[in-house]
Amino acid sequence: MRKKFVLSLFGVFAALAVLYGIWWLLPRERNADVVTDAYRATNEWLEKSHSLAEDPGKNGFINPTFLPYWGRKGIEHKEDSEAGEIVVAWQNYSTPSADSTVDHKALLEQKDEGYTKALDGMKKVAPDLREAMDKSLFAPPKFELRADAVIPNLIAARACAQAMVGLAESEVAQGEVEQAAEDLVSVVSFGAGLIGHCGFMVDMVGVGIEDIGVNGFNGLIDINSNLPADTWKSLSQKMLNCEPPKEMILRAMQSEMLFCHNSIEYFKENPDWISEEIKYSPFAALPGFFSREERIYNNVMSDLILQYQGKGTLDLPKELLEPSNTDWFTGRTGSLTGLMVQDFGRSKGRLEVSRKRLIATSTAAGIAAYRAQEGKLPETLAQLPEAGIPLTDDKEWLSTMEYEARGDSATLKVRIQDSPAEFAPLMRGDWEHPWLETTNEHLTYSFGPVKK
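So the number in our numbering is just where the residue sits in the sequence shown, counting from 1, plus 946.
Beta-carbon label-pair distances, calculated as ranges:
no., residue 1, residue 2, range
1, E1211, T1385, 46 to 54 Å
2, P1174, T1385, 25 to 33 Å
3, V1396, T982, 50 to 58 Å
4, T1357, G1295, 22 to 30 Å
5, V1396, P1073, 27 to 35 Å
6, P1269, L1054, 55 to 63 Å
Keep in mind the hints are simulated off the structure, nothing from the lab. Note that CB positions come from ideal geometry on N, CA and C, so glycine has one too.
Just need the whole structure built from these sequences, with the hints factored in.
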């Protein structure tokens, strides 16, 4: 009897051992070269970013006036920074952050005490903010791409962008249209500086800040304003230079893979950092759990990269969206994968809409530059580069534009997404802009007489 019990017990343990062995071996690693290339490419751009991040001439993040405000919590950030208090006070008078459209002209005429005080404060720090926004990057020095890394205060960075739009509103109300246009394009530049240095989440915040600047420019700067040709040309070129890189989504996926790898290595030494979703998994205590989870994650991510490189699509696998028990056991999905794999396809769509809006705005400014330089509107967009005016050379983006000139007037209609539109319009009705008609699918600029 005792012998039978021992044999039965041994059989149970043997069966469990076999199940564990199968569980640990599945799935097999695949696309190892894609994983290796992801780590290599990400380390290369991180090294380049680190080499620039220490240079105050290139890195807006380390601007001494604003570093205590948008700096990393527990490192550079200070709760009572002067710049932060000024920006927060001025946000009440900035339409993007206020509850409704701010009537700057009325507040200026009334000499509103609160408005005047907040505006004086904003004017005080504006030169430093412009300088920081116009740098080529915005990234903390010696940034480590892993779960415990502290990123910049992105809420503060976004608040600064909104505050600068508010300052541009005030400048337009005072007739300082040229300065307002330059400030709004500085916001676009600020967003571009966040892209490609601290991981995918920060990248998308950068794209969002670019949108804030583009929205402000389209809503506040009349495309028929009488600005100098060199100013229009500079504005157009600067916006074109801020176009998010075409490899942004690929680079984001690659950086996410290195982030995952570095974080797992960190978790092994610092288990307190492990999220509850993973920590309380029934398999988390098993030997080899994290190695298996990383293998599953790398398989899914490398498949996505190959899908993107081959077909340009980013469709998530069904076993990730609706996993079965078999999928969990065989390693088609995992706790880490479910937690960390993002909907890159949707991010790609949002990015393309933002990119088209930015290029559309740059092109409209280029048409205004041509008119200011040549004294007439161009007959075709092809005349812009012939006259030394910036214009995208991307045939795909050019195919989304319809330009029609009719003597002293013209329209530029740009398709930003196909119908039915997947994304809500990013241009709200915050300002009156008779020079621009917006729908979910199109931006249409109307060129008429130049306003003296």
